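Kindly produce the complete structure, drawing on both the sequences and the hints.
Heads up: the protein sequence lines correspond to chains A and B, in order. 1 is the number of the first residue of the first sequence in the working numbering; add one for each residue after it. 1 is the number of the first residue of the second sequence in the working numbering; add one for each residue after it.
The set of hints was computed from the structure by calculation and includes no laboratory data. Mixed in with the good hints there might be a few duds.
Stated by the list, open to error - Dumping the calculated BS3-like pairs for lysine-lysine here, alpha-carbon to alpha-carbon at most 25 Å: (1) A:K99 with B:K108; (2) B:K48 with B:K80; (3) B:K360 with A:K171; (4) B:K411 with B:K455; (5) A:K95 with B:K108; (6) A:K171 with B:K359; (7) B:K455 with A:K95; (8) B:K186 with B:K229.
Model, not experiment: these values are computed from the prediction.
The chain contents come next:
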Amino acid sequence: MDNIIMKNMAPKALAMMLLSIVSSTALIGCSQQDDSTETIGSKQAAVQDVDYQASRNNGAWGGVVMSRDELRAPQANIVDASSLPAMADDPSLVKWREKFEGIEVESRYEEANAEARSAGTNTRTVFENTNSFVTTNGEKLYHDSCAGCHMHEGQGAQGAGYYPPLANNSKMQSKYYVIDILMNGFRGMPSFHSMMNDEQMAAVTQYVHSELNNFTDTVTAADVTQLRHDNPPGTDPSE
Amino acid sequence: MKDMLQSPTRRQLLSMIGKTAGATAMYQAMTTLGFASESSFKESMDLKGAPAGASVVILGAGLGGLTAAYELRKAGYQVKVLEFQNRGGGRSWTLNSGDEYTELGGEKVTCDFEEGNYFNGGPWRLPSHHYAVFHYCRKFGVELQPFIQTNDRAYLHRTNHFGGVPQRLGDVKNDIQGHVSELLSKAVNVGSLDRSVNTEDKEKLLEGLKGWGVLDNDYRYVTSHATSKHRGYSVYPGGGLMPNSEPSSTLPMDELLNSGMWSDIYNNYSVHVHEPTMFQPVGGMGKIGDAFTRECRDMIEFNAKVTKINQDDSGVTVDYVDSNNPDGEIKTVRADWCICTIPLTILTQIDINVSAPMKKAMAAVPYDTSYKVGLEFNRRFWEEDEWIYGGVTYTDMPITQISYPSQDMFKEGTGVLLGAYGFGATSYKFNTLTPQERINVALAYGKYIHPQYPKEFRSGTSVVWHRIPWTLGCYGIWSESSRDQYYDTLCSIDNRIVLAGEHCSHIPAWQEGAILSGMDTAKRLHQKAKMLG
Numbered sequence: 001m002d003n004i005i006m007k008n009m010a011p012k013a014l015a016m017m018l019l020s021i022v023s024s025t026a027l028i029g030c031s032q033q034d035d036s037t038e039t040i041g042s043k044q045a046a047v048q049d050v051d052y053q054a055s056r057n058n059g060a061w062g063g064v065v066m067s068r069d070e071l072r073a074p075q076a077n078i079v080d081a082s083s084l085p086a087m088a089d090d091p092s093l094v095k096w097r098e099k100f101e102g103i104e105v106e107s108r109y110e111e112a113n114a115e116a117r118s119a120g121t122n123t124r125t126v127f128e129n130t131n132s133f134v135t136t137n138g139e140k141l142y143h144d145s146c147a148g149c150h151m152h153e154g155q156g157a158q159g160a161g162y163y164p165p166l167a168n169n170s171k172m173q174s175k176y177y178v179i180d181i182l183m184n185g186f187r188g189m190p191s192f193h194s195m196m197n198d199e200q201m202a203a204v205t206q207y208v209h210s211e212l213n214n215f216t217d218t219v220t221a222a223d224v225t226q227l228r229h230d231n232p233p234g235t236d237p238s239e
Numbered sequence: 001m002k003d004m005l006q007s008p009t010r011r012q013l014l015s016m017i018g019k020t021a022g023a024t025a026m027y028q029a030m031t032t033l034g035f036a037s038e039s040s041f042k043e044s045m046d047l048k049g050a051p052a053g054a055s056v057v058i059l060g061a062g063l064g065g066l067t068a069a070y071e072l073r074k075a076g077y078q079v080k081v082l083e084f085q086n087r088g089g090g091r092s093w094t095l096n097s098g099d100e101y102t103e104l105g106g107e108k109v110t111c112d113f114e115e116g117n118y119f120n121g122g123p124w125r126l127p128s129h130h131y132a133v134f135h136y137c138r139k140f141g142v143e144l145q146p147f148i149q150t151n152d153r154a155y156l157h158r159t160n161h162f163g164g165v166p167q168r169l170g171d172v173k174n175d176i177q178g179h180v181s182e183l184l185s186k187a188v189n190v191g192s193l194d195r196s197v198n199t200e201d202k203e204k205l206l207e208g209l210k211g212w213g214v215l216d217n218d219y220r221y222v223t224s225h226a227t228s229k230h231r232g233y234s235v236y237p238g239g240g241l242m243p244n245s246e247p248s249s250t251l252p253m254d255e256l257l258n259s260g261m262w263s264d265i266y267n268n269y270s271v272h273v274h275e276p277t278m279f280q281p282v283g284g285m286g287k288i289g290d291a292f293t294r295e296c297r298d299m300i301e302f303n304a305k306v307t308k309i310n311q312d313d314s315g316v317t318v319d320y321v322d323s324n325n326p327d328g329e330i331k332t333v334r335a336d337w338c339i340c341t342i343p344l345t346i347l348t349q350i351d352i353n354v355s356a357p358m359k360k361a362m363a364a365v366p367y368d369t370s371y372k373v374g375l376e377f378n379r380r381f382w383e384e385d386e387w388i389y390g391g392v393t394y395t396d397m398p399i400t401q402i403s404y405p406s407q408d409m410f411k412e413g414t415g416v417l418l419g420a421y422g423f424g425a426t427s428y429k430f431n432t433l434t435p436q437e438r439i440n441v442a443l444a445y446g447k448y449i450h451p452q453y454p455k456e457f458r459s460g461t462s463v464v465w466h467r468i469p470w471t472l473g474c475y476g477i478w479s480e481s482s483r484d485q486y487y488d489t490l491c492s493i494d495n496r497i498v499l500a501g502e503h504c505s506h507i508p509a510w511q512e513g514a515i516l517s518g519m520d521t522a523k524r525l526h527q528k529a530k531m532l533g
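So, in structure tokens, the structure goes:
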């Protein structure tokens, strides 16, 4: 879809578009520059039309695959992606987008945004995939991390070894005990030091403390900050 | 001229670093594998002269334990191996058609593939320098075939770049090389590198950049027949009156930089553990575990769950129960020595009398998370439609990667893809899903790389390592600091007990690490046993 939009754009418009993307992503850490400044990227974009399907299609045309006549006919993509919904509109992804927590950002394709604006709707947003915990909802954090081992009901599990239950577990009375284990790991359990921030650790601790058990302390990010240190055991500061 | 070139270049580079740092963090867990050092295997072992009647009990029938069992029996020891599972080989394991297992939490995972298809839920590829693995494969008759890690026709994919369309690895590699060569040659030409290179070097450098980056006479990287000679044509050369060849278009540099695909190349391809040639056993990685099990079969007692390890001045007593009936009768085995390869996740929960520093070391190694999903399809569309024969596609979607089978190429009919494999927070999330949900996720995202998925899907299976009852995790995570503090202690012989396994190696997660640990442990234990007579 996007490649068609790109194809139909005048090279100059395309260059402007790419330029604006480059400049908006490159403001970090060095002198700002006029948007009209020529860059290697813009120079090349100006002289070439980008067909995103080309990389996959290349090599399909000619040789044993197509005759000269066939080659003159309009080219189809080798893989028909036309039935694919846009990711943002894909019903089969709704649940998983929430589970895997992409971050919603404005589309980097200004054309799509312009279309949306002219139609009076919001600018097009897209999902940036992440490999991280984004939410600060303690219940979600529990079901996205702890539940892998301690199970969704907090009942734990038993195999050659065991994962202790977190529900109805008197040890969960001390919020500091829970935070300490999240921060430092415990025996085979990895530390969440670099995977969850103070607010997230507080939220998931609160869930374990109050929802899986009936304890009534309030857990705050400040409680976690108190126990946070630079180098948790089992991780390497140089990595 | 100078200003025009320098400033944007720096700007671009900073933007690039930002992008790649993000991607690097994303693949952090994977690159920890890349830190693994080269195998220290030198030659086959030939231990001789066990003290008369000396005995060893080995806990765990994975590759570490069975290597030690095999070598020590050869040296003359009486060896008994206790194994929790009803099979040997440990993580050297393949799910074959018809297999099933129950994971922690009680869910059943099935493998309903067509006969002959399989899925490696754990290790799946062998680097050329894993000499110890190859040594035992040769010895035990495990047939190996090439494993294709790098295939320029596989894809790199970013959801929000290149319109979400996957780009061929070869295109990305060639174009990054070309663009960087162009930039660097410009820097050379305007004298930016005059402090680093003399005039003669400069000429050679320019010549090299021109050839390596496929630059034109003005040192520009632009679409041409020359660039197509490297990245491939849009219309390939044919015969007779077939169409004339046409060059393929190079990808724009800014989009390449912004996409972060560069990081895939140095994180996943140009690391020594993924360097071509790689290998895999014919018929699945489990063939290695099976071969070790076959060679050691008469020493192994299956379904033995160890409950207590107690050493005294003259030997070690191990209590165990039937894995399927843990409340049943406690059995006991006694030996002069004990090699324990039980994963530390489990060992730290077992009653064992070792020294305080050893206990501390055992508790200092957390186990990493990982997930894999195998997907079987009606036909090999990646080959038939897209000319992808083996290799790995990397994406920023939660599935992280798709790997194409290195075996059975050009076969009519079904094939199995590795449809998801990753680490980090995404892996924790995968570990919380039901087996069916994992397959659903792999299909829902994977179709954006291969739209053929919905039509061709047959069946799927998966392994999430924190739910595997006999490991409770994937492999031991070490850091420089934990190695400094605990590694030597963990590997030392604690009176009559010594640990072995991938967690006692500098190559964690790899079978080579487990085997080398088994060999080294057998050797050191033998020395000590001989010394004490």
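**Message:** Run the distance test for A:K171 versus B:K359: straight-line Cα separation, threshold 25 Å.
**Reply:** At roughly 22 Å apart (the allowed maximum being 25 Å), B:K359 and A:K171 satisfy the hint.
**Request:** Could you grab the alpha-carbon distance between B:K48 and B:K80 and see if it respects the 25 Å cut-off?
**Result:** This hinted pair holds, its Cα atoms lying about 18 Å apart.
**Message:** Please verify whether A:K99 and B:K108 have alpha carbons no more than 25 Å apart.
**Reply:** 22 Å, holds
**Message:** Check the hint pairing B:K186 with B:K229 against an upper bound of 25 Å on the C-alpha distance.
**Reply:** 23 Å, holds
**Prompt:** Quick one, are B:K411 and B:K455 close enough, alpha carbons at most 25 Å?
**Reply:** Roughly 19 Å separates the two Cα atoms, so the pair holds.
**Asked** Is the hinted pair B:K455 and A:K95 satisfied, with a Cα-Cα distance of at most 25 Å?
**Response** 21 Å, holds
**Restraint status (C-alpha distance of B:K360 to A:K171 at most 25 Å)** = Roughly 22 Å between the alpha carbons, so the hint for B:K360 and A:K171 holds.
**Prompt:** Given the hint that A:K95 pairs with B:K108, does the C-alpha gap stay at or below 25 Å?
**Reply:** Between A:K95 and B:K108 the Cα gap is close to 23 Å, so the pair holds against 25 Å.
In this structure, every one of the numbered hints holds.
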